[in-house]
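Q: Below are the chains, spelled out letter by letter.
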Amino acid sequence: MSHWFKRLYWRLEVLFRKERAEAELDEEIRYHLEREIEANLRAGMSPEEARRVAMADFGGVERTKEQVRDVRGGRMVDDLLQDLRYTIRGLIKRPGFTSVIVITLALGIGANTAIYSVLRNVVLRPFPYAEPDRLVTVWTPQIGYSYNPLSAPDWLDFREASESFEAWGVYAMEAVNLSGDAMPERVMGVRLTADLLRALGAVAARGRLFTEEETEDPVARGVIVSDGLWRSRFGADPELIGREILINRESWTVVGILSSDFRFPEWESLAEPGFLIPLSLGVQVAERGAYYLKVIGRLREGVSVERAEEELNAIAARLAEAYPETNDRRIAQVVPLRNIVLGDSGPRLWILLGVTGMVLLIACTNVAGLLMARNAGRNVEMAVRASMGAGRRRLLRQMLTESLVVALVGGTVGLVLAWWGIGMLGEVVPGNLPRVDQLRIDTLVVLFASGLALFTGVLFGIFPALTTSAVDLTGAFREGARTLTAGRSRTRFLGAMIIAQFALTFVLADAAALMLRSLWQATNSRELHEPGQVLIAGYLSPRERGEEIILPDPFVEQLRERLRSLPGVESVGISTHLPLIGGWTAGILAEGQDYDPEIDRGYVHMVCASPGYFDAIGIGLLRGRDLWPEDLEEGHLGVVVNRRFAEQSWPGQNPVGKRIRANSATPWLEAVVVGVVEDVRQSGLESRIEPVIYLPFFPPFMPTRWMALRSESEPMALVPALRRQLAELDPHLPLTRVFTAAQLYDLMATERRLTTQLIGLFALVALSLVAAGTYGVIAFQVRQRTHEMGVRVALGASRGGVVGLVLGRSLRLALLGIAVGLLGAFVASDVVGSLLYGVGPLDPAFLVGAALFLVLVAVSASAVPALRAVRIDPVEVMRAE
Amino acid sequence: MSRGKSDVLQGTLDLLILRTLALESLHGWGISKRIRELSGDVLEVNQGSLYPALYRLRDRGLIRSRWEVSEDDRRVKIYELTKAGSEALVVERDRWRVFAGAMERVLGTA
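These protein sequence lines are chains X and U, in that order.
The first sequence: position 612 = 612 (the numbering used here), numbered continuously.
The second sequence: position 91 = 91 (the numbering used here), numbered continuously.
The reader is advised that the hints may include incorrect statements.
[Said to hold, decoys possible] Which residues of chain X face chain U? A partial, calculated answer using Cβ under 10 Å: (1) Trp4; (2) Lys6; (3) Ile29; (4) Leu33; (5) Arg35; (6) Ala39; (7) Arg69; (8) Val71.
[Claimed, not checked] A few chain U positions that, by computed beta-carbon distances, are all more than 12 Å from chain X: (9) Ser39; (10) Ser86; (11) Leu89; (12) Glu92; (13) Arg93; (14) Arg97; (15) Ala102; (16) Val106.
[Said to hold, decoys possible] Partner residues aside, some chain X positions facing chain U, computed with beta carbon under 10 Å: (17) Tyr31; (18) His32; (19) Gly60; (20) Val61; (21) Arg63; (22) Lys65.
Bear in mind the hints are in silico, worked out from the structure with no lab data behind them.
Ideal placement from N, C-alpha and C gives every residue a C-beta, glycine not left out.
Kindly generate the complete structure, drawing on both the sequences and the hints.
A: Next up, the structure:
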């Protein structure tokens with residue numbers, strides 16, 4: 001034990017009292033030599049000879065000291081400090097070289113860190129629920145479909161029979177108008193059962209959660225307020241519990257306030273404050289065919305998603321037998337909650353991380369190339385150090401220190417870049433990406449960046465270090481600094497590096513171009529006529545609970561009349577759904593089809609629209625006429641279908657006058673087609689054209705309303721007048737959102753645009769890196785071959801020949817890289833394809849275009865070195881020998 | 001200098017140092033001189049390599065060092081065997097004898 005302390009002391013002594021330790025070693029060896037010389041003198045040698053023999057017998061003094069230092073310990077730290085000093089001096093001496101390397105690395109590391117931190121916050125970070133992997137959602141689609149909510153009777157049957165869940169409950173989102181004490185406001189509410197909060201493990205910060213009885217009681221009027229709403233609307237009032245608030249003009253009592261870290265799953269992506277109200281199945285639609293309940297459950301310990309699905313499917317099969325009319329071919333689907341909340345952001349972010357990884361790889365190879373080219377000039381220096389007793393390991397370590405220092409500096413700058421980039425990202429996509437509002441750089445992200453910096457440091461440092469530290473002493477001295485001979489391995493490495501860069505960049509540039517094309521394809525739609533002239537504003541129908549449904553909705557009619565009289569308004573229409581965000585779906589039979597539960601007819605989007613809607617929003621009428629108020633008359637329901645529905649139902653026939661009905665034994669809808677309109681996409685920019693039926697405002701009742709106003713001038717100028725008209729009709733009614741139809745298309749493209757911009761940006765970075773890398777390597781090789789070029793010119797080589805020599809080299813590398821990249825494009829086609837719309841991942845035009853572009857890059861990057869080669873003066877070269 | 005060869009030499013050198021210091025405590029030069037004397041000048045220790053070996057043995061706790069004033073009135077570093085060093089000497093000597101005996105047998109029968 002005491003010896004252990006002694007060793008520690010020696011190590012520390014070496015570290016902190018290095019001079020003393022060195023002096024003692026010096027003294028010891030000097031004494032040895034002096035005694036040896038004395039002995040030799042006594043043996044009769046001359047003083048000169050005595051000294052020489054003593055030194056010879058001892059061997060190298062410096063080498064001995066080095067060996068002692070190795071043994072003595074503390075060596076690592078000592079060397080490290082020395083290496084660091086040496087490195088920093090070297091880097092400061094070449095500010096240009098250093099900043100190029102640091103910037104290159106900072107770009108690579110910064111991009112990776114930014115994307116990683118998004119990935120971590122959005123995908124990897126666990127949900128704010130205990131054991132989130134046990135949380136699942138349940139759906140009851142027909143075979144071949146997915147994500148169909150449950151009906152109330154089905155839910156009760158499932159709940160009765162299933163054993164898989166520790167707790168589970170149902171909810172339905174409901175946007176409501178909150179009014180009373182302040183400005184009317186539209187807020188997302190959730191109707192839910194008490195078990196659901198238990199499954200999620202919700203905690204009330206103040207007050208209480210719902211009780212089972214409360215959610216069974218149809219007249220319960222308790223409401224739980226989210227932390228966000230409590231702060232934003234009620235000023236964090238501690239006395240809020242027990243107060244009455246107005247929801248859809250009904251009085252409710254606040255019973256609880258949620259804790260600040262609890263978020264209801266659908267709030268994750270809405271980033272909106274909201275509240276919870278009890279869902280009482282007693283007053284809800286009780287038809288088995290009305291699917292509107294979403295299920296979240298916590299699986300029992302040890303029950304897998306598959307087992308739960310199996311069990312629910314057994315129940316679904318029994319229900320199908322008992323209620324064939326609604327439940328035939330209806331199955332149960334169990335999906336982890338995580339998948340629902342994240343949607344398809346997860347894979348896209350992983351792809352982005354892959355792309356930034358490629359950029360980092362290019363940055364690394366670039367830096368490796370730069371270091372190697374520089375190290376070629378250091379052969380002599382290395383040889384000198386080696387002959388002074390520095391071992392190969394020592395040299396290797398020194399060079400790795402150098403690359404690590406550079407990498408860490410690059411990593412730090414990269415982290416700053418990432419921090420800045422994340423700030424930008426947060427501004428560009430507020431709430432579009434799930435949980436993007438929670439982005440931040442935390443310890444793990446910093447660790448990731450540091451790890452990345454270390455890894456890249458080793459990655460780009462190791463090869464140049466290996467080739468340089470393996471110095472051939474005699475060779476280096478003989479050739480000296482005269483010719484910077486590139487070893488064969490070095491040339492080959494630099495070539496491979498350029499090839500790899502071209503390959504990676506090819507894949508990236510191709511993908512970026514394809515994505516740009518997709519973005520253009522998705523947004524540049526001519527579906528709507530002059531969408532920039534159309535103002536769209538939403539509100540929620542002010543119908544109060546229990547009120548009788550009057551059709552046509554008198555409010556819609558009154559509002560339409562008022563808006564039509566506004567100056568500057570060409571036409572007005574009101575609908576329940578808009579293009580791209582659209583429509584509830586129903587099974588519809590076209591005239592000529594018979595009801596048969598065995599046949600899948602597919603679904604049709606249903607949209608309620610007022611007269612004037614098509615004209616106002618800009619959907620072209622192809623045949624027949626617009627909807628009229630008379631179309632709602634009992635027994636004479638008139639509908640308008642889109643071109644798709646008409647063509648798939650009655651190919652080649654006139655659809656006007658044809659009949660349609662709901663696809664069920666006792667149809668809830670029977671109507672006649674009065675017109676056909678142009679197709680618009682219903683489910684987002686990237687959806688196919690689907691069949692749509694537009695019908696007058698008709699049950700089932702949908703509370704969302706969108707007003708479309710076609711303006712003669714700037715549509716946004718209509719907003720104040722619109723608000724006035726609405727307030728005159730109903731002072732408690734807030735507008736939900738206001739935008740133009742053109743903005744709607746833009747808005748829907750936000751996420752695609754962001755991904756495209758990011759990948760485009762990374763492709764640009766990759767391109768500039770590959771250009772810089774090619775330039776560096778070709779310039780280096782021209783410099784190395786100055787002598788050879790001089791001889792060639794002296795022997796009569798033409799200028800063209802010299803240029804060809806240089807360009808040929810870079811073109812050969814670029815073409816090889818492009819060939820490899822072509823292979824890569826095929827390999828990556830599935831991944832790239834998942835990001836595209838309206839264009840295939842292997843579009844030959846794009847492949848050829850990317851290849852030509854990269855050839856251009858290769859030629860221009862090597863143009864300057866080629867010109868330099870042409871200007872070589874053979875006389876000067878010979879004289880320099 | 002390849003590593004493998006120096007390892008063999010190292011072990012031998014360590015044993016020689018321990019044996020020398022078992023007789024009396026000495027400074028570096030003294031050790032190298034004593035080894036030459038004891039071996040009848042057969043074993044020529046590379047003097048330079050003595051010092052790394054000394055530091056290594058000290059690090060392993062087999063010898064310790066202290067500064068003293070020598071007979072010629074100069075400050076010298078004296079090495080002496082520790083208890084662990086004496087024990088190691090016995091072990092190492094036996095091991096060497098087994099090794100040397102084996103070598104002898106092999107060479108003798110050839």
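Q: Valine 106(U) clear of chain X by more than 12 Å, beta carbon to beta carbon?
A: For valine 106(U), whose nearest Cβ neighbour in chain X is about 32 Å away, the distance exceeds 12 Å, so it holds.
Q: Can we keep the tryptophan 4(X) interface hint, with Cβ of chain U closer than 10 Å?
A: Since chain U brings a Cβ to about 9 Å from tryptophan 4(X), closer than 10 Å, the hint holds.
Q: Should the interface hint for histidine 32(X) be scored as holding, given a Cβ-Cβ cut-off of 10 Å against chain U?
A: At about 4 Å, which falls below the 10 Å cut-off, the nearest Cβ of chain U leaves the hint on histidine 32(X) intact, so it holds.
Q: Grab the minimum C-beta distance from tyrosine 31(X) to chain U and call the hint holds if it beats 10 Å, violated otherwise.
A: At 6 Å from the nearest chain U Cβ, tyrosine 31(X) passes the 10 Å test, so the hint holds.
Q: Restraint: arginine 63(X) near chain U, CB-CB cut 10 Å. Satisfied or not?
A: Because about 7 Å separates arginine 63(X) from the closest Cβ in chain U, which is inside the 10 Å limit, the hint holds.
Q: Hold the hint about alanine 39(X) up to the distance rule: shortest CB distance to chain U must be less than 10 Å.
A: Where the cut-off is 10 Å and the nearest Cβ of chain U is about 8 Å from alanine 39(X), the hint holds.
Q: Minimum C-beta separation from glutamate 92(U) to chain X exceeding 12 Å: can you confirm that?
A: Per Cβ check, glutamate 92(U) is outside 12 Å of chain X; nearest 18 Å; holds.
Q: So leucine 89(U) supposedly isn't at the interface. Is its beta-carbon more than 12 Å from every beta-carbon in chain X?
A: Non-interface label on leucine 89(U) holds, nearest chain X Cβ at 17 Å vs cutoff 12 Å.
Q: Does the nearest C-beta of chain U fall within a distance shorter than 10 Å of the C-beta of lysine 65(X)?
A: 8 Å, holds
Q: Does isoleucine 29(X) meet its interface restraint, that is, does its C-beta lie within less than 10 Å of any C-beta in chain U?
A: Hint holds; isoleucine 29(X) Cβ to chain U Cβ min 7 Å, cut 10 Å.
Q: Tell me if the interface restraint on arginine 35(X) is satisfied: Cβ within less than 10 Å of some Cβ in chain U.
A: 4 Å, holds
Q: Holds or violated: valine 71(X) as interface residue toward chain U, Cβ cutoff 10 Å?
A: 4 Å, holds
Comparing the model with each numbered hint stated earlier shows that all of them hold.
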